[in-house]
Amino acid sequence: MTIVQATETLPGYSFAYLDEQTKRMIRRAILKAVAIPGYQVPFASREMPLPYGWGTGGIQVTASVIGRDDVLKVIDQGSDDTTNAVSIRKFFARTAGVRTTDRTPEATIIQTRHRVPETPLQAGQIMVYQVPMPEPLRWLEARETETRKMHALEDYGAMYVKLYEDIAHSGRITTAYDYPVMVNQRYLMRPSPIPRFDNPKLDRSPALQLFGAGREKRIYALPPHTPVRSLDFADHPFTIERWTERCAICGADDSFLDEIVTDDRGGRQFVCSDTDYCATRVAAGHRA
Amino acid sequence: MNRDSPVEPVLEIDGLSKRFGARWALRDVSFDLWPGEVLAIVGESGSGKTTLLNAIAGRVTPDAGTVLYRAAAGKEGGGSAADLVSLSEAERRRLLRTDLGLVHQNPRDGLRLSVSAGANIGERLMAAGARHYGDIRARALDWLQRVEIEAARIDDMPATFSGGMQQRLQIARNLVSEPRIVLMDEPTGGLDVSVQARLLDLLRDLVAEIGVSVVLVTHDLGVARLLAHRLLVMQQGRVIESGLTDQVLDDPQHAYTQLLVSSVLQL
Chain A
1 MTIVQATETL PGYSFAYLDE QTKRMIRRAI LKAVAIPGYQ VPFASREMPL
51 PYGWGTGGIQ VTASVIGRDD VLKVIDQGSD DTTNAVSIRK FFARTAGVRT
101 TDRTPEATII QTRHRVPETP LQAGQIMVYQ VPMPEPLRWL EARETETRKM
151 HALEDYGAMY VKLYEDIAHS GRITTAYDYP VMVNQRYLMR PSPIPRFDNP
201 KLDRSPALQL FGAGREKRIY ALPPHTPVRS LDFADHPFTI ERWTERCAIC
251 GADDSFLDEI VTDDRGGRQF VCSDTDYCAT RVAAGHRA
Chain B
289 MNRDSPVEPV LEIDGLSKRF GARWALRDVS FDLWPGEVLA IVGESGSGKT
339 TLLNAIAGRV TPDAGTVLYR AAAGKEGGGS AADLVSLSEA ERRRLLRTDL
389 GLVHQNPRDG LRLSVSAGAN IGERLMAAGA RHYGDIRARA LDWLQRVEIE
439 AARIDDMPAT FSGGMQQRLQ IARNLVSEPR IVLMDEPTGG LDVSVQARLL
489 DLLRDLVAEI GVSVVLVTHD LGVARLLAHR LLVMQQGRVI ESGLTDQVLD
539 DPQHAYTQLL VSSVLQL
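Chains as they are written, first to last, in the numbering used here: chain A, 1 to 288; chain B, 289 to 555.
Accuracy of the hints is not assured; some may be wrong.
Ranges of calculated distance between the beta carbons of each label pair, as one might list FRET restraints [what the hints assert, rightly or not]: (1) G171(A) with L547(B): 57 to 67 Å; (2) G53(A) with N394(B): 58 to 68 Å; (3) A370(B) with R27(A): 37 to 47 Å; (4) A370(B) with D258(A): 26 to 36 Å.
Chain A residues, not near chain B, derived (Cβ > 12 Å throughout) [unchecked claim]: (5) K32; (6) L140; (7) H169.
Think of the hints as simulated: they come from the structure by calculation, not from any bench.
Only a predicted model underlies this, so the values are computations on that prediction, with no experimental measurement involved.
Positions of the beta carbon are idealized from the N, C-alpha and C atoms, including for glycine.
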């Protein structure tokens, strides 16, 4: 599938569902977030026509930055075809009348949950992440007043306690997703529940990356080319996941693989989690 | 000790006052704390002991007075004195996790119960910038042994420790950063007497060994006599008597101190 032209838009609704005042409010929050990379900006999150936890933060951010000329791609766990991705894509096709696509290079806005596309992002693209829990310090401090103060004072040493615990109990850092990062050597940030495989893609990305947490009412951002460093120890450096297998469809050895159970006799295979990357490789003649 | 430079107090407290509504919790409290000295503050409940400790630790903002802290020569800001009351929040926090320690009466207030003993000890090191897992673990192991906890328990949760072990772990967690001053609020409260005795022995050894200064708040005169070089007696927010521990306890001058000393159970 390449670019799909929207057929009809819903009469009686504002462009991209949200009213203009709300979009201006969210844009102001986004501007502040871009000005202070990694800092969580509070915003007046709205009720959306889907439950919290289904991407209300990401949808509000997308609705506020999308224009008539944009081409939207939505992925969930790397796939364009899962329920959540299809619903959100159709939502914007109907409320904004924008064109949609599966192809990473064709998209101007990519809303995502749990993955960053394997195809490198380009300047001018906007990544929108759906964030369930924006506060990286929440596990050790329940009070919002205190975590804000810790951010203000750059009081982040206790965050290493978590990594220490991983190594003490498992011999290595076992945090596999939502792996904490330091943004521009200043703010500690949760990258949303992407696998740590994707963390290096955040670092100095040419795309603008926006993070929206609807239930927690926070927006934060990584402007293009922002340095993003994953926390680690000198003797236990940050590493990404590796597989001994290759993708069973396209043969890729450089992409994040999902394990698929194929029958009830223990049969299984590994395939690319990014369906567009896999399909593009197959179209180019790659085979397992 | 360098003979050219006279020894200066690590802590100079001057005119410290704090009111809660109409009640004075602290009223014009002044004293000095010298390097390696253990100073006990005794008095009944409500006499202002804990407020004084909290004011030094920056957990309570006093209405008047200064708390001058002098860092060790050679350390960051060494030699010069800083007023902990007027210090910026960032600076105060840095001092609180490096140069100052605070041992709570209830170890649950001073420990992170959801992480292992080793992580509890290592936290201050990591907060101060230690980023080498092997080094942090080695220091944690060393301190576990110094507070007489088996090395094999380094990865156990503090919740599985006995009350005495939790208190020793809390002490290790504070001493690992080699602070100049440790503030202790009833460190032996809630422990049975045999465990208390072992903890007191341990504290006395550690204090002598690393030369840390201690402000010890207690209502137990026995603990004060065993640990403290000097004693302050507080009543209704004022210091009513001070002096060498043995001197105050053997020859109390103030009527209230006499009452306090005569109230101790003799076995």
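Quick rundown of the hints versus the structure:
A C-beta distance of roughly 60 Å is found between G171(A) and L547(B), which places it inside the suggested range of 57 to 67 Å. At roughly 37 Å, the beta-carbon separation of G53(A) and N394(B) lies outside the given 58 to 68 Å, and the hint is violated. For A370(B) paired with R27(A), a C-beta distance near 44 Å keeps the hint of 37 to 47 Å intact. Hint check: A370(B) to D258(A), Cβ distance near 56 Å, so the stated range 26 to 36 Å is violated.
Non-interface call for K32(A) relative to chain B: holds, since the shortest CB-CB distance, roughly 23 Å, exceeds 12 Å. A Cβ of chain B approaches the Cβ of L140(A) within 12 Å, the least distance being about 7 Å, so the stated non-interface status is violated. A beta-carbon of chain B is positioned within 12 Å of the beta-carbon of H169(A); the least distance is around 6 Å.
Checked against the numbered hints above, the structure breaks hints 2, 4, 6, 7 and satisfies the rest.
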